[in-house]
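Undergrad: Listed below are the residues making up each chain.
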Amino acid sequence: GAVVSQHPSWVICKSGTSVKIECRSLDFQATTMFWYRQFPKQSLMLMATSNEGSKATYEQGVEKDKFLINHASLTLSTLTVTSAHPEDSSFYICSAPGSTNEQFFGPGTRLTVL
Amino acid sequence: GQQLNQSPQSMFIQEGEDVSMNCTSSSIFNTWLWYKQDPGEGPVLLIALYKAGELTSNGRLTAQFGITRKDSFLNISASIPSDVGIYFCAGQLGAGGTSYGKLTFGQGTILTVHP
Numbered sequence: 129g130a131v132v133s134q135h136p137s138w139v140i141c142k143s144g145t146s147v148k149i150e151c152r153s154l155d156f157q158a159t160t161m162f163w164y165r166q167f168p169k170q171s172l173m174l175m176a177t178s179n180e181g182s183k184a185t186y187e188q189g190v191e192k193d194k195f196l197i198n199h200a201s202l203t204l205s206t207l208t209v210t211s212a213h214p215e216d217s218s219f220y221i222c223s224a225p226g227s228t229n230e231q232f233f234g235p236g237t238r239l240t241v242l
Numbered sequence: 038g039q040q041l042n043q044s045p046q047s048m049f050i051q052e053g054e055d056v057s058m059n060c061t062s063s064s065i066f067n068t069w070l071w072y073k074q075d076p077g078e079g080p081v082l083l084i085a086l087y088k089a090g091e092l093t094s095n096g097r098l099t100a101q102f103g104i105t106r107k108d109s110f111l112n113i114s115a116s117i118p119s120d121v122g123i124y125f126c127a128g129q130l131g132a133g134g135t136s137y138g139k140l141t142f143g144q145g146t147i148l149t150v151h152p
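Line by line, the protein sequences are chains A and B. Every number in this note's numbering is 128 more than the matching position in the first sequence, counting from 1. Every number in this note's numbering is 37 more than the matching position in the second sequence, counting from 1.
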């Protein structure tokens, strides 16, 4: 199957700082990628759809000014958590569609905001 | 919005036993997907189902897409310790519209296998 990577795998930051998470499709191109958030012992919740060359579309209740998404190329999408606070601590996971639109997920990024 | 109801929430079984879990939805999905997630990692795709009534196997795993497109089950036969993890079902809408490619996840089934 297709391989999706994320960097970093984990990050600890101080409250008020910004953190950037990268999502890359390693052996295929993706005009669309998706960003999910997962709290402990819960399911994945879709945050936004990242569109190459255009603005991201956000799910209801997700602040677009807080979670900045940039899809700079056909293999890279970035999620920046701006002015992070402890309640933003979570597991952030991206996905990209394969040839028959099945979603392949990255390994996730554990964000801890102190 | 759309919701997937996945059951059971957790299962404790002995190695060698068979496992069955299922998902139901109030809405129709074009594609059903089953994923396994290990702690601290992203979900890994196990089986993808594209046609109503489709029955698909992947090794010891078997999944079926309900005829109404509103449900699916996953069976694991002869479980082994490495089957431990969280299993998620996910529904995906078809082409066209702003929801294309988005996944709606079930709540997950936590599987524990005792040696």
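Everything labelled a hint here was simulated from the structure, so no lab data went into it. Possibly wrong hints are sitting among the right ones.
Computed list of lysine to aspartate or glutamate pairs in EDC-like fashion (alpha-carbon distance at most 16 Å, straight line) [unchecked claim]:
1) A/Lys-192 / A/Asp-216
2) A/Lys-169 / B/Glu-78
3) A/Lys-169 / B/Asp-75
4) A/Lys-183 / A/Asp-193
5) A/Lys-194 / A/Glu-180
6) A/Lys-142 / A/Asp-216
Okay, the calculated beta carbon distance ranges per label pair [claimed, not checked]:
7) A/Ser-133 / B/Ser-63: 33 to 43 Å
8) A/Thr-208 / B/Asn-42: 18 to 28 Å
9) A/Asp-155 / B/Phe-49: 18 to 28 Å
10) A/Phe-156 / B/Ile-104: 31 to 41 Å
11) A/Trp-138 / B/Val-121: 31 to 41 Å
12) B/Ser-114 / A/Ala-130: 19 to 29 Å
13) B/Ile-50 / A/Gln-157: 37 to 47 Å
14) A/Thr-185 / B/Ser-63: 46 to 56 Å
On a predicted model such as this, the values are computed, not experimentally measured, just so you know. Heads up, the beta-carbon is just placed ideally off N, CA and C, and yes, glycines get one too.
Undergrad: For B/Ser-114 and A/Ala-130, compare the CB-CB distance with the range 19 to 29 Å and indicate the outcome.
TA: holds (27 Å)
Undergrad: Looking only at beta-carbon atoms, does the pair A/Ser-133, B/Ser-63 fall within the given range of 33 to 43 Å?
TA: holds (35 Å)
Undergrad: Take a quick look at whether A/Lys-194 and A/Glu-180 sit within 16 Å of each other, Cα to Cα.
TA: violated (20 Å)
Undergrad: At the C-beta level, are B/Ile-50 and A/Gln-157 separated by a distance inside 37 to 47 Å?
TA: holds (41 Å)
Undergrad: Within 31 to 41 Å or not, the Cβ separation of A/Trp-138 and B/Val-121?
TA: violated (22 Å)
Undergrad: Within a Cα-Cα threshold of 16 Å, do A/Lys-192 and A/Asp-216 meet the stated pairing?
TA: At roughly 14 Å apart (the allowed maximum being 16 Å), A/Asp-216 and A/Lys-192 satisfy the hint.
Undergrad: Should the hint that A/Thr-185 and B/Ser-63 are 46 to 56 Å apart at their CB atoms be regarded as holding?
TA: violated (24 Å)
Undergrad: Between A/Lys-169 and B/Asp-75, does the CA-CA distance stay at or below 16 Å?
TA: The hint holds at about 12 Å.
Undergrad: Within 18 to 28 Å: is that where the Cβ-Cβ distance between A/Thr-208 and B/Asn-42 falls?
TA: At roughly 34 Å between Cβ atoms, B/Asn-42 and A/Thr-208 fall outside 18 to 28 Å, so the hint is violated.
Undergrad: Between A/Asp-155 and B/Phe-49, does the beta-carbon spacing fit 18 to 28 Å?
TA: violated (38 Å)
Undergrad: So does A/Phe-156 sit 31 to 41 Å from B/Ile-104, Cβ to Cβ?
TA: holds (33 Å)
Undergrad: Given the hinted pair A/Lys-169 and B/Glu-78, is their alpha-carbon gap at most 16 Å?
TA: holds (13 Å)
Going down the numbered hints, you'll see the structure goes against 5, 8, 9, 11 and 14, while the others check out.
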